[in-house]
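Numbering-wise, full-length UniProt numbering puts 660 at position 660 of the sequence shown, and it's gapless, one number per residue.
Be aware that a few hints might be false.
Unchecked claim - The calculated SDA-like cross-link candidates involving lysine to any residue, where the alpha carbons are at most 20 Å apart (straight line), are:
id	residue 1	residue 2
1	Lys408	Glu537
2	Lys48	Lys667
3	Lys58	Thr484
4	Lys356	Leu313
5	Lys588	Ile511
6	Lys750	Glu515
7	Lys356	Glu515
8	Lys58	Arg218
9	Lys677	Asn597
10	Lys667	Lys750
Because the hints were derived from the structure by calculation, they are not lab data.
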Amino acid sequence: MILIIYSKPQIQAAFRTDEIRRTPPTPQDEMRAGMSYFHETIWKGVPKFLRRVDTALKNIGIDERVPYNAPLIQFSSWMGGDRDGNPRVTPEVTRHVCLLARMMAANLYYSQIEDLMFELSMWRCNDELRVRADELHRSSKKDAKHYIEFWKQIPPNEPYRVILGEVRDRLYQTRERSRHLLAHGFSEIPEEATFTNVEEFLEPLELCYRSLSTCGDRAIADGSLLDFLRQVSTFGLSLVRLDIRQESDRHTDVMDAITRHLEIGSYREWSEDHRQEWLLSELSGKRPLFGPDLPKTEEISDVLDTFHVIAELPSDNFGAYIISMATSPSDVLAVELLQRECHVKEPLRVVPLFEKLADLEAAPAALVRLFSIDWYRDRINGKQEVMIGYSDSGKDAGRFSAAWQLYKAQEELIKVAKQFGVKLTMFHGRGGTVGRGGGPTHLAILSQPPDTIHGSLRVTVQGEVIEQSFGEEHLCFRTLQRFTAATLEHGMHPPVSPKPEWRALMDEMAIIATEEYRSIVFKEPRFVEYFRLATPELEYGRMNIGSRPSKRKPSGGIESLRAIPWIFAWLQTRFHLPVWLGFGGAFKHVIQKDIRNLHMLQAMYNEWPFFRVTIDLVEMVFAKGDPGIAALYDKLLVSEELWQFGERLRANYEETKALLLQTAGHKDLLEGDPYLKQRLRLRDSYITTLNVCQAYTLKRIRDPNYHVKVRPHISKEFMEISKATDELVNLNPTSEYAPGLEDTLILTMKGIAAGLQNTENLPQETINYMHQKWMLFYYPHPGHNFSNPFQL
Numbered sequence: 001m002i003l004i005i006y007s008k009p010q011i012q013a014a015f016r017t018d019e020i021r022r023t024p025p026t027p028q029d030e031m032r033a034g035m036s037y038f039h040e041t042i043w044k045g046v047p048k049f050l051r052r053v054d055t056a057l058k059n060i061g062i063d064e065r066v067p068y069n070a071p072l073i074q075f076s077s078w079m080g081g082d083r084d085g086n087p088r089v090t091p092e093v094t095r096h097v098c099l100l101a102r103m104m105a106a107n108l109y110y111s112q113i114e115d116l117m118f119e120l121s122m123w124r125c126n127d128e129l130r131v132r133a134d135e136l137h138r139s140s141k142k143d144a145k146h147y148i149e150f151w152k153q154i155p156p157n158e159p160y161r162v163i164l165g166e167v168r169d170r171l172y173q174t175r176e177r178s179r180h181l182l183a184h185g186f187s188e189i190p191e192e193a194t195f196t197n198v199e200e201f202l203e204p205l206e207l208c209y210r211s212l213s214t215c216g217d218r219a220i221a222d223g224s225l226l227d228f229l230r231q232v233s234t235f236g237l238s239l240v241r242l243d244i245r246q247e248s249d250r251h252t253d254v255m256d257a258i259t260r261h262l263e264i265g266s267y268r269e270w271s272e273d274h275r276q277e278w279l280l281s282e283l284s285g286k287r288p289l290f291g292p293d294l295p296k297t298e299e300i301s302d303v304l305d306t307f308h309v310i311a312e313l314p315s316d317n318f319g320a321y322i323i324s325m326a327t328s329p330s331d332v333l334a335v336e337l338l339q340r341e342c343h344v345k346e347p348l349r350v351v352p353l354f355e356k357l358a359d360l361e362a363a364p365a366a367l368v369r370l371f372s373i374d375w376y377r378d379r380i381n382g383k384q385e386v387m388i389g390y391s392d393s394g395k396d397a398g399r400f401s402a403a404w405q406l407y408k409a410q411e412e413l414i415k416v417a418k419q420f421g422v423k424l425t426m427f428h429g430r431g432g433t434v435g436r437g438g439g440p441t442h443l444a445i446l447s448q449p450p451d452t453i454h455g456s457l458r459v460t461v462q463g464e465v466i467e468q469s470f471g472e473e474h475l476c477f478r479t480l481q482r483f484t485a486a487t488l489e490h491g492m493h494p495p496v497s498p499k500p501e502w503r504a505l506m507d508e509m510a511i512i513a514t515e516e517y518r519s520i521v522f523k524e525p526r527f528v529e530y531f532r533l534a535t536p537e538l539e540y541g542r543m544n545i546g547s548r549p550s551k552r553k554p555s556g557g558i559e560s561l562r563a564i565p566w567i568f569a570w571l572q573t574r575f576h577l578p579v580w581l582g583f584g585g586a587f588k589h590v591i592q593k594d595i596r597n598l599h600m601l602q603a604m605y606n607e608w609p610f611f612r613v614t615i616d617l618v619e620m621v622f623a624k625g626d627p628g629i630a631a632l633y634d635k636l637l638v639s640e641e642l643w644q645f646g647e648r649l650r651a652n653y654e655e656t657k658a659l660l661l662q663t664a665g666h667k668d669l670l671e672g673d674p675y676l677k678q679r680l681r682l683r684d685s686y687i688t689t690l691n692v693c694q695a696y697t698l699k700r701i702r703d704p705n706y707h708v709k710v711r712p713h714i715s716k717e718f719m720e721i722s723k724a725t726d727e728l729v730n731l732n733p734t735s736e737y738a739p740g741l742e743d744t745l746i747l748t749m750k751g752i753a754a755g756l757q758n759t760e761n762l763p764q765e766t767i768n769y770m771h772q773k774w775m776l777f778y779y780p781h782p783g784h785n786f787s788n789p790f791q792l
């Protein structure tokens, strides 16, 4: 029997807590939220997982542990470093999050060091450690204010504690210096009193490990000390390395300002060859390129100040410098030159990000030109990282064409790297949803082209799925296990390569899929109007779920809209258009052309992991979809002259679904995954309720004169609940809508998004609780002068 005890005060506190974010988070808020996963699960989860790997190795006859100084897993972040179209990420924000991460890392180490001191009480040690301990003991002066234990001078017959006591002192100083810099911008603690690099931190710990091992205490060394060493090697002094991301055009603006100031022309107007020639001449020279008299706009100052922050802070704070919308070698060389000009002592590795379909197609040729430059090959020392974007490529050409082009681009990029003797690391910029390249981790890795992983890969874990991956200790362990197992399996049992006839068919289908997708999304004159009427895209920003604006540029249509609101808006209506649009036209074309192509598609599904995963993910999305819900949104929100356009899209939806089932050989959706099918069926009634609530709320928001009659039976119990609405309305005093409408909209958005995730079923108690919370906004207080916006 399992006994579960619920704390009434905790339940009441949760019920009284506002579940809606009333103000947008800052990049610092996002960083603190992200770092909480390290504090709660990842910090202790990594050494536990590595111990499990040790056991697995032993079980297959390898009596060696994973070396602590060759960590299997490393973490990076771009919370506070990703300035791609986000004006809120300033150089000062980047500086702030780096110092905050450094302070948090030192605090985590500091909170553990005394536990380690308790364990290492032994007197026996090797001569190397004895000499060091005696020197420290003679010179130590203790300040007991900040110690819990071991606040007196440690006796010399406890040499390990003497060594670790010095480590503890420097960790304290490291933490306090970062805290002072954060709070005041300066610190009286000298830098030499702190740990400034991870090698300096590891050295005394390694000394203790060697001494224990040579004195017959290997079992002790492989206990908490080994875990601590692994944490230091994995997390370093900065907890996570911060990646910087900036759009290539911003660097072009800086270079153009420099060349104009030097009166040598307009960099922006130069050809690619001219740009490369000039950049390489400057990189090979030693003279400063510009001084303080360079005329700067606010945008140019922002770019240069970011490089100055990189130069100012310790190099182990940073990971890669990622160039979004990269198209050519000059994009990479420009960043290399700016790092040198701003005196970055240890330049960051520069990673081009290829996103749109045309950029992915041109990426191999761009890499050939880059690797053909002698200066650059010497600079990278045989290693290069390339990032490929799933979200923007899908938004640009549709999911089918983007998936196939990403596959082909990886194959070609690996060939180029082998040609030049460079080890290439692929950085997969996947989102959480299928429309942004998301899907089951294990299957996603195993469906990658052969030879593209080579025992290592880099992936993004986006904010919308980080809770599912690292929110609890067992989830953290399972996530690390999946990544490691799939990476090993891909290397030991590479997936099959597509046959030439499969490639030819995919190329033909991709052309048709792209044409169909773009003919609707970019060429249909009233598509943008329909999209904004039929979905809550315009209201998306009210959720305050991120610090980035929903658009890269305030003006513009679909092309300037970020991938998250593009996917999110269609998910809300259960139509998922960006995922499936283009598939139907491509499949229909090749099947009508030759019925034998259907048999080939079925063979591809059964034999080729990439194709199977692609089809299965879209089938899963169809299982979550409901064109009847989309029709309700159309009827309530879309102007009548556009109804026919919506009907045409829904007919396309049904046709595409039938073609995919035919290809997979399935009679019904999710035939091969009855467990997920059952989970979605159980959730459907709740999500559908939320959809109807949302549709009518949007109608009331957009048309304040619209009224729906209240059902006459409202129970006495419900009347008591509705008395709370006056208080809740006060939380949103600036809303221009009728009381409760905005909160209802936000709650339905959150509920629909959560319900369509591939999470475990929500307990009935949780569903009832959320239903009660929604009801507070769902019905108006009797004293309010407006009609109930809903009638179910």
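Now for the hints, and whether the structure bears them out:
| no. | hint | result |
| --- | --- | --- |
| 1 | Lys408 - Glu537 | violated, 33 Å |
| 2 | Lys48 - Lys667 | violated, 44 Å |
| 3 | Lys58 - Thr484 | holds, 17 Å |
| 4 | Lys356 - Leu313 | violated, 33 Å |
| 5 | Lys588 - Ile511 | holds, 13 Å |
| 6 | Lys750 - Glu515 | violated, 33 Å |
| 7 | Lys356 - Glu515 | holds, 15 Å |
| 8 | Lys58 - Arg218 | holds, 16 Å |
| 9 | Lys677 - Asn597 | violated, 29 Å |
| 10 | Lys667 - Lys750 | violated, 32 Å |
Of the hints listed earlier, those the structure fails to meet are numbers 1, 2, 4, 6, 9, 10, in rising order.
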